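Trainee: Line order of the protein sequences matches chains F and P. With the first letter of the first sequence counted as 1, position 178 gets the number 178 in UniProt numbering; the numbers rise by one all the way through. With the first letter of the second sequence counted as 1, position 206 gets the number 206 in UniProt numbering; the numbers rise by one all the way through.
Read the hints as simulated data drawn from the structure, not as lab findings. One or more of the hints may lead you astray.
The list cannot tell twin chains apart, which means a pair is met if one copy fits it or any two copies do.
[Said to hold, decoys possible] Straight-line distance between alpha carbons at most 25 Å, and here's what the computed SDA-like set of lysine to any residue pairs gives:
1. K35 / K97
2. K96 / G117
3. K269 / Q209
4. K236 / A213
5. K192 / D262
6. K236 / G273
7. K236 / R110
8. K35 / P190
9. K236 / A42
10. K195 / G28
11. K236 / D86
12. K192 / P59
13. K269 / Q139
It should be emphasised that the depicted structure is a prediction, and the values quoted were computed from it without experimental measurement.
Protein chains: 2
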Amino acid sequence: MSFVDELRVGAGFRLAEVDPDSTPGFSGDRDDGEKALAKGAAALGGLQELLFANTEHDPRSVLLVLQAMDTAGKGGIVRHVVGSVDPQGVHIHAFKKPTPEELAHDFLWRVERELPGPGRIGVFDRSHYEDVLIGRVRQLADAAEIERRYGAINEFEERVAASGTVIVKVMLHISADEQRDRLAERLERPDKYWKFNPGDLAERALWDQYQDAYQLVFERTDTEIAPWHVVPANHKWFARLSVAQLLTDALRSLGQDWPPADFDVEEQKQALGV
Amino acid sequence: MSFVDELRVGAGFRLAEVDPDSTPGFSGDRDDGEKALAKGAAALGGLQELLFANTEHDPRSVLLVLQAMDTAGKGGIVRHVVGSVDPQGVHIHAFKKPTPEELAHDFLWRVERELPGPGRIGVFDRSHYEDVLIGRVRQLADAAEIERRYGAINEFEERVAASGTVIVKVMLHISADEQRDRLAERLERPDKYWKFNPGDLAERALWDQYQDAYQLVFERTDTEIAPWHVVPANHKWFARLSVAQLLTDALRSLGQDWPPADFDVEEQKQALGV
Numbered sequence: 001m002s003f004v005d006e007l008r009v010g011a012g013f014r015l016a017e018v019d020p021d022s023t024p025g026f027s028g029d030r031d032d033g034e035k036a037l038a039k040g041a042a043a044l045g046g047l048q049e050l051l052f053a054n055t056e057h058d059p060r061s062v063l064l065v066l067q068a069m070d071t072a073g074k075g076g077i078v079r080h081v082v083g084s085v086d087p088q089g090v091h092i093h094a095f096k097k098p099t100p101e102e103l104a105h106d107f108l109w110r111v112e113r114e115l116p117g118p119g120r121i122g123v124f125d126r127s128h129y130e131d132v133l134i135g136r137v138r139q140l141a142d143a144a145e146i147e148r149r150y151g152a153i154n155e156f157e158e159r160v161a162a163s164g165t166v167i168v169k170v171m172l173h174i175s176a177d178e179q180r181d182r183l184a185e186r187l188e189r190p191d192k193y194w195k196f197n198p199g200d201l202a203e204r205a206l207w208d209q210y211q212d213a214y215q216l217v218f219e220r221t222d223t224e225i226a227p228w229h230v231v232p233a234n235h236k237w238f239a240r241l242s243v244a245q246l247l248t249d250a251l252r253s254l255g256q257d258w259p260p261a262d263f264d265v266e267e268q269k270q271a272l273g274v
Numbered sequence: 001m002s003f004v005d006e007l008r009v010g011a012g013f014r015l016a017e018v019d020p021d022s023t024p025g026f027s028g029d030r031d032d033g034e035k036a037l038a039k040g041a042a043a044l045g046g047l048q049e050l051l052f053a054n055t056e057h058d059p060r061s062v063l064l065v066l067q068a069m070d071t072a073g074k075g076g077i078v079r080h081v082v083g084s085v086d087p088q089g090v091h092i093h094a095f096k097k098p099t100p101e102e103l104a105h106d107f108l109w110r111v112e113r114e115l116p117g118p119g120r121i122g123v124f125d126r127s128h129y130e131d132v133l134i135g136r137v138r139q140l141a142d143a144a145e146i147e148r149r150y151g152a153i154n155e156f157e158e159r160v161a162a163s164g165t166v167i168v169k170v171m172l173h174i175s176a177d178e179q180r181d182r183l184a185e186r187l188e189r190p191d192k193y194w195k196f197n198p199g200d201l202a203e204r205a206l207w208d209q210y211q212d213a214y215q216l217v218f219e220r221t222d223t224e225i226a227p228w229h230v231v232p233a234n235h236k237w238f239a240r241l242s243v244a245q246l247l248t249d250a251l252r253s254l255g256q257d258w259p260p261a262d263f264d265v266e267e268q269k270q271a272l273g274v
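Model the full structure from these sequences, guided by the hints.
Mentor: Shown next as structure tokens:
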């Protein structure tokens, strides 16, 4: 048990009742949070090395799915949390607007191709959930197809989990006011212009519809093998600390140890002359 | 000009004359080196963000090619130097023993596929140079084919550079004694067994032939657009500091600035209501 258990979506969960300013389960302030994150980075790094070391012996992997409204801090999670472990063992993929080739396939086709291999931590910056979020809000597919997708996602994730991938699904939850402030900052600072896209305002105008679409996602795709976590993210330090802890818990759940030598140690020492 | 200019392979270069224990161009000790690395990480991270920010505006990229004898510290470079920047903007590929599919193609086929896209730093952990190193020492191809490859590599790199990729080629240079000590450590510590491969000793037995093959690589493939650097690597801190500086210099050579807004800033502020 760790504080992040409080972030888990469960029966009767209501997104509208989660305060994006809150820091559930964590009683400290920003300073405490940043210290805890720095301290936890060593543990996370150690567990990731263990995962990587077992690549040849253990097919398992971890997949972090990050979803959020614009500016909620996905990039910061990748940079500061995922970035604290050895990049060799990480596979990050940012899902953008689908290409014509991707659109010619089922929506899960491009996702399957980016799943982490044995010993790896995979990170999805956006994911197949876009196909039931923007897909629903913008009516990019008809209602029956959107309905079909929830079930397809659950079957897909069940198969991925059965093949040995621990799935950690996270929605970073900010308030509309916080988003306005963060967008405003991107418009104030020339070194942030590149992060701004006029299309972000069009999506922002559909805030309530997106919140509803997220609520539906939780109702339809929060499962035992691939549970959702909603992380209040108005405080960046809390969001980072929470995702670091979720990754740490996922890795720890594998119960791995250093793999045994698949050679005769003494014989090799002799051959080396030591 | 920075201290790493001294590491550049040039006319008349002799690998055998480079002392793996030396720290050319840097007068400090380990403590100074680690401080300089930590200090430089912010600059490196800032330049990498600038590269990434320009993805849509500037097709250029940086490619770091890492070659070395086993245990020389490639992994540590990836972890501690490459790992200090945002993993979102990095594409790392470790070239292993070629698969049957890869062998069915020209040796550069698999390399082409892993080149960094616009705005990215690509890292090759081993590379196409294996095909003229182990390829030569183990006679995996006949002499004429090995000869052909040097020319093919130069033409390939010329094309890659012309397309906007700054190529930084690095050989981490350790001594045979240092390698013995590092292999011995892997045999002493159960948490290091996974890094040991009995095949490493077979390669070690061919040390001199590999040094000769590297010497030939430098003579045949050190070019203006893709120069080689030999980094003395018995001191890990010096190797890391040097590669960090080489990357920093490569990024700085792009002379990038934050991309201009491709939208009307005031209009967007108004639309946002700020």
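Trainee: Against this structure, judge whether each hint is valid.
Mentor: Hints and how they fare:
no., hint, result
1, K35 / K97, "neither (37 Å within a copy, 42 Å between copies)"
2, K96 / G117, "both (21 Å within a copy, 15 Å between copies)"
3, K269 / Q209, "between (65 Å within a copy, 23 Å between copies)"
4, K236 / A213, "within (24 Å within a copy, 51 Å between copies)"
5, K192 / D262, "between (51 Å within a copy, 12 Å between copies)"
6, K236 / G273, "between (53 Å within a copy, 24 Å between copies)"
7, K236 / R110, "neither (30 Å within a copy, 40 Å between copies)"
8, K35 / P190, "neither (31 Å within a copy, 31 Å between copies)"
9, K236 / A42, "both (20 Å within a copy, 20 Å between copies)"
10, K195 / G28, "neither (31 Å within a copy, 40 Å between copies)"
11, K236 / D86, "both (22 Å within a copy, 17 Å between copies)"
12, K192 / P59, "between (40 Å within a copy, 19 Å between copies)"
13, K269 / Q139, "neither (65 Å within a copy, 28 Å between copies)"
Of the numbered hints given earlier, the model fails hints 1, 7, 8, 10, 13; all others are met.
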